[in-house]
Amino acid sequence: MEIGSGNSTKFAKKAILDHNLETKIISIDPYPRADIDKIADSNIRKRLEDLELSIFEELGENDMLFIDGSHHCFMNSDATVIFLEILPRLKSNVIVQIHDIFLPYDYPPGWENRYYSEQYLLAAYLLAGTKIFNIILPMQYISKDEELEGC
15 MEIGSGNSTK FAKKAILDHN LETKIISIDP YPRADIDKIA DSNIRKRLED LELSIFEELG
75 ENDMLFIDGS HHCFMNSDAT VIFLEILPRL KSNVIVQIHD IFLPYDYPPG WENRYYSEQY
135 LLAAYLLAGT KIFNIILPMQ YISKDEELEG C
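Residue numbers (the working numbering): 15 to 165.
What the hints contain is simulated information worked out from the structure, not anything from laboratory work. Among the hints, a few may not be true.
Said to hold, decoys possible - Only pairs whose alpha carbons sit at most 27 Å apart, straight line, appear in this in silico BS3-like list of lysine-lysine: (1) K105 to K27; (2) K52 to K38; (3) K60 to K24; (4) K27 to K52; (5) K60 to K28; (6) K38 to K24; (7) K105 to K158; (8) K24 to K52; (9) K60 to K145; (10) K27 to K38; (11) K145 to K158; (12) K60 to K27; (13) K38 to K60; (14) K145 to K105; (15) K52 to K28; (16) K28 to K38.
Construct all of the structure, not just a fragment, from the sequences and the given hints.
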């Protein structure tokens, strides 16, 4: 299941086809950035804030939730709904991938006018010691760490 669709949907579909995976793509995006209606198995063209959130309770162990929404945390925004309403209701061992997270670093120079803020909410989760997440692959950290980047 993905929140926010576009090129990521195309990459996911290619991986499914290339590796003969038995899975499906459910796209949640009112206005996808690419034509993915024929790529995804199911398309939900509603704002996340207006969606019946029980759909996320259908995700089970090793299912993936890919998040690439607005990246803006404010009252009733998709990112706020994700962190405060969706993530706490997920079953154990659902794999969550959040796009455009640069932790432990800040957003890149030049991104100030994007006003992204979701990684700060994620940092609050992590710093509070929540057991919701097991970090599997912190890509930005790996890419900046001299010991890990060559692995």
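Structure-based check of all given hints:
1. K105 to K27: holds (24 Å)
2. K52 to K38: Cα-Cα ~12 Å, so holds.
3. K60 to K24: It holds: about 20 Å lies between the C-alpha atoms, which stays within 27 Å.
4. K27 to K52: Holds. K27 to K52 sits at ~10 Å (cutoff 27 Å).
5. K60 to K28: Roughly 25 Å between the alpha carbons, so the hint for K60 and K28 holds.
6. K38 to K24: Between K38 and K24 the Cα gap is close to 13 Å, so the pair holds against 27 Å.
7. K105 to K158: Roughly 32 Å separates the two Cα atoms, so the pair is violated.
8. K24 to K52: holds (10 Å)
9. K60 to K145: Status violated; Cα separation ~30 Å.
10. K27 to K38: holds (9 Å)
11. K145 to K158: Between K145 and K158 the Cα gap is close to 26 Å, so the pair holds against 27 Å.
12. K60 to K27: holds (21 Å)
13. K38 to K60: holds (19 Å)
14. K145 to K105: holds (12 Å)
15. K52 to K28: With Cα atoms ~13 Å apart, K52 and K28 stay inside 27 Å; holds.
16. K28 to K38: holds (12 Å)
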